[in-house]
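Start from chain A and add chain B according to the hints.
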Amino acid sequence: MIPAKFEYIKASSVSEALGLLDKHGDEAQLLSGGHSLIPTMKLRLNQPKVVVDIGKIPGLNSISEDGSNVVIGANCTHHQIATSSVVQGGVNVLAQTAKEIGDIQVRNKGTIGGSLAHADPAADYPAVILASGAKIEVEGSGGKRTIDATDFFLGIFETALESNEMITAVHVPKSSGGVYLKFSQPASRFAVVGCAAIKNDSGVSVGLTGVAGCAYRASAVESAYNGDAKAAAAHAVDGVEVMGDNFASSKYRAHLAKVFTERALNALG
Amino acid sequence: MSNYIGQSIKRREDDRFITGKGKYTDDIVLPKMTHLAFVRSPYAHAKINSIDTKAALSHPGVVAVYTGEDCGNFGVPCGWQVNFKNGDTMKEPPHPLLAVGKAKHVGENVVAVIAETLQAARDAAELVEVDYEELPAVTNPNAAVQPGAPQVHDDIPNNVVFDFALGNPKEEVDAAIDGASHVTKLNFKNQRLAPNAIEPRSYIADYDVTVDKYTLYTSTQNPHLIRLLMCAFVLGLPEHKVRVISHDVGGGFGSKIYHYSEEALVTWASKQIGRPIKWTSDRSEAFLTDAHGRDYVTTAEMGFDNNGKIVAFRVHSEANLGAYLSTFSTACPTYLHATLAQGCYTTPLINIDVTATFTNTNPVDAYRGAGRPEMTYMIEHLMDTAALEMQIDPVELRKTNFIPAFDGVSQPGYQTQVALQYDSGNYHATLDRALEMVGYDQFRKDQEESRKNGKLLGIGFSTYIEACGIAPSAVVGSLGARAGLYESAHVRVQPTGSVSVFTGSHSHGQGHETSYAQFVADTLGIPMENVDIIHGDTNEVAFGMGTYGSRSLAVGGSAIMKSLDKILEKGAKIAAHKLEAAVEDLEYAEGKWTVKGTDKSIAFGDVSLTAYVPHDYPEGLEPGLDFSSFYDPTNFTYPFGTHIAIVEIDKDTGKVTLKRFIACDDVGNVINPMIVEGQIHGGVAQGVGQALLEGVDYDENGQMITGSFMDYAMPRADDFPFFETDRKVTPCPHNPLGVKGAGEAGAIGSTPAVANAVMDAISHLGGVKDIQMPITSERVWEAMNS
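Chains as they are written, first to last, in the working numbering: chain A, 1 to 269; chain B, 1001 to 1786.
A few of these clues could be false.
To be verified - Pair ranges (Cβ atoms, derived):
| no. | chain 1 | residue 1 | chain 2 | residue 2 | range |
| --- | --- | --- | --- | --- | --- |
| 1 | B | 1017 | A | 22 | 46 to 52 angstroms |
| 2 | B | 1017 | A | 228 | 55 to 61 angstroms |
| 3 | A | 267 | B | 1017 | 40 to 46 angstroms |
| 4 | A | 53 | B | 1446 | 36 to 42 angstroms |
| 5 | B | 1673 | A | 40 | 43 to 49 angstroms |
| 6 | A | 49 | B | 1273 | 31 to 37 angstroms |
| 7 | A | 267 | B | 1449 | 43 to 49 angstroms |
| 8 | A | 239 | B | 1700 | 42 to 48 angstroms |
| 9 | B | 1027 | A | 53 | 25 to 31 angstroms |
These are calculated hints, taken from the structure and not from any lab test.
We put the beta carbon where it would ideally sit given N, CA and C, even for glycine.
Bound-form chain A, shown alone:
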């Protein structure tokens, strides 16, 4: 890789990283697992002057339980999440989803915080994060706050994160029996369509990724669901502007969204 010249700074604490973001503003970017930032730097599409490495900040790579939530540090790798007994026991659908991401190399380096902050419209996590009603814990120089998953994803590579904030953890409510099913893009294996469905007290919650500019809660499906998966899944793209690309036209993608929503609902049992 021969990127444009940049300064590399390894942060040893969240406050140091945030201080560097404040100092360098738009010229600085955060590096964790590197699976979103590095490819764009390699192609020189992205030329940050300062790269702040948050990958080794102590305390950001632990997984724990907090009452009814599983709390996952932002620097946890996909492999860690896929193999964590806490995640498997508390919210197994997230562990199963992590297992579907990329390949072994990607899962050993890529992190949940990096993936969520990058907000690739075809990423796997957002569907589950949305369906499970997770909260994203972020920190800026002004302090900490939490953002509901439904408020987090705003558009293509666009989130509710401020430019001087970073994700520190994800709080995922425990659930059982959730499913994540995806139709993989044959080259990248990202989701052409990915559907997460989780049972809750009032019925089901459904998150869809790959379909639109950003992942979304399929609330029309949720409210229509009364046990008839096919009828509810017909609402999978209600009110959504469906993307089209070389691998799936918007017509086909909308169809897939319905098929995978139906399959996910049926798999819930």
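Showing chain B alone in chain A's frame:
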């Protein structure tokens, strides 16, 4: 002594490859070496108004910056001249080392920046300012020949490189199609593919002023051919002043035959700056500029009588050659393609008509199969489609039309309607074996049953033939090749009996170091450990045409056999002298000459020592045991086989899953079954890749939208079932090893089998139109729901 031929001996070269100790060009670091980065055109078609290199030149570490104006009139040649039907010479526009006046495809070299480090070269390349004026672009070969299409080269009207026809008179073929009781007609778009060798192209040029000599390290399939083309046709250098080295090369698939402009540029520039220069492609550059494969738009028709006998086959294609002519591009849609239109059928009338076009796309060249997969796809896809249309079993339809078995020895070869004479073949044999392997009758029952349960299972056939072992020099010369296609070999026996074999063929994944050593050791009756195979250096190997067209063993191996014959003939004279016997009274076996009927013998090593220490020696015989040979084949070789695919289609999504793949191939005699099987596996993977996954796409502006592995779907291991393979053996009658070649067979045979299986799975749904490749889930879904 053990018999090595026929044994699956593990590849000797793999130790260094799989432990990261291969010596690829980019691994080489020379003293004072500089690095080169290219500024490439971001436009498919653009006038270059001006280039400002000042900022780049003043960037720290920059040694030199060159534009097209600096490189004189040097241009890269085409290796094969195809004339228009009316006899006019093909259009062969200049192909400059760096763009002059206009850029004609995205990724074309425009400026070369040379610096102390790669970082400095890349940084400075970003400082070059090129003032482009974008022009309309054309990327489709059919669109390129329409009136008013953008002109890639200003002086070449309608973008036509040449037009070409082969076969029987068109009127006769037309009449037969018109009179046929059934005609199956299909439109094809045989899509453009990116070869994607795992090692990107890499070149290092090193000019040594003290001896006025150049060394070019290059990732090529044919070092001598590169030296010849570059010296004689590009830079005007004497060949004895240029050494070309290509030791380990990580895959080629045809894309490393081409003498690329970058090779000549680094060689020329190394003399300008008096220092070595390295350029290594990155993966993005590889997608944009490594020669692509395929890219034809075709209409093909096959006419049948009411017994299912083919009465005529007619094809019209436009073949996209890209913006410039690569080394073999002109041969691919013509003499490597139309000549295969007979398939393995008795078709009495054939006419193939091809118009080759320029477009604003990267040049194409040979890619695993080179013209033959495209023809095979047409014939075999037409066969299964015709079978569906006529309600005839596809197996029966083939058997009705097969050329009967012939061994080429007691029975003559088969003269086709399209110039070739097949050497030997037994097409029923591989089909029957493949049917047995797949359990055809049972499958049809299972399919019937599964349809009742809403499952979509399909089976597809391909009974392919190919022409390889290229090629008789006089034949290809008469067809326009600008080179001979023989091979050379030099076998040097050392005094102590060890053997060095210098071959002009080139291994870039084929395993020659192992398979060649097997038959050399067997022929000489010595241990394999005593045999080394050397290739890839013009200073070590006398000459060579390299490796492509599944030619290495059939042509290169035959050249080695000729030298081994000379070694044994001379050795016998020395042995006869030492044994005080007549040459006729000796026999050679297990590494020693024995006087027939006695226990008097002398070992190979004692004879070789005598040849180099000739104290007690035959009078008048030269010392030494060292022979060179050239072998020019008398014919192509014609491997064939049957491939069968079974697919299952997801009704809801159209997703195709390859459930089984059966290949029964006949590649003639086999030296190392494991290596042959590996070649078949790799070829099948590439062929299935074309059928289901791969495709280079340009948008309407000529921008490549599949320029990375995130967007270009390369097949992966989990896209495949375990392949079920077997072989039949019909030896080649015209070369000493009886071998035919296995490198391309998998890629040629497999593609139509998969496409046919898809159609078999869904055609019963009714109204299903043919699906173009790659057969993506969406295309299948569209076909099922239109």
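For each hint, the structure was consulted:
{"no.": "1", "hint": "B/1017 with A/22: 46 to 52 angstroms", "verdict": "holds (50 angstroms)"}
{"no.": "2", "hint": "B/1017 with A/228: 55 to 61 angstroms", "verdict": "holds (57 angstroms)"}
{"no.": "3", "hint": "A/267 with B/1017: 40 to 46 angstroms", "verdict": "holds (44 angstroms)"}
{"no.": "4", "hint": "A/53 with B/1446: 36 to 42 angstroms", "verdict": "violated (57 angstroms)"}
{"no.": "5", "hint": "B/1673 with A/40: 43 to 49 angstroms", "verdict": "holds (47 angstroms)"}
{"no.": "6", "hint": "A/49 with B/1273: 31 to 37 angstroms", "verdict": "holds (32 angstroms)"}
{"no.": "7", "hint": "A/267 with B/1449: 43 to 49 angstroms", "verdict": "violated (26 angstroms)"}
{"no.": "8", "hint": "A/239 with B/1700: 42 to 48 angstroms", "verdict": "violated (31 angstroms)"}
{"no.": "9", "hint": "B/1027 with A/53: 25 to 31 angstroms", "verdict": "holds (30 angstroms)"}
Hint compliance for this structure: hints 4, 7 and 8 are broken, all remaining hints hold.
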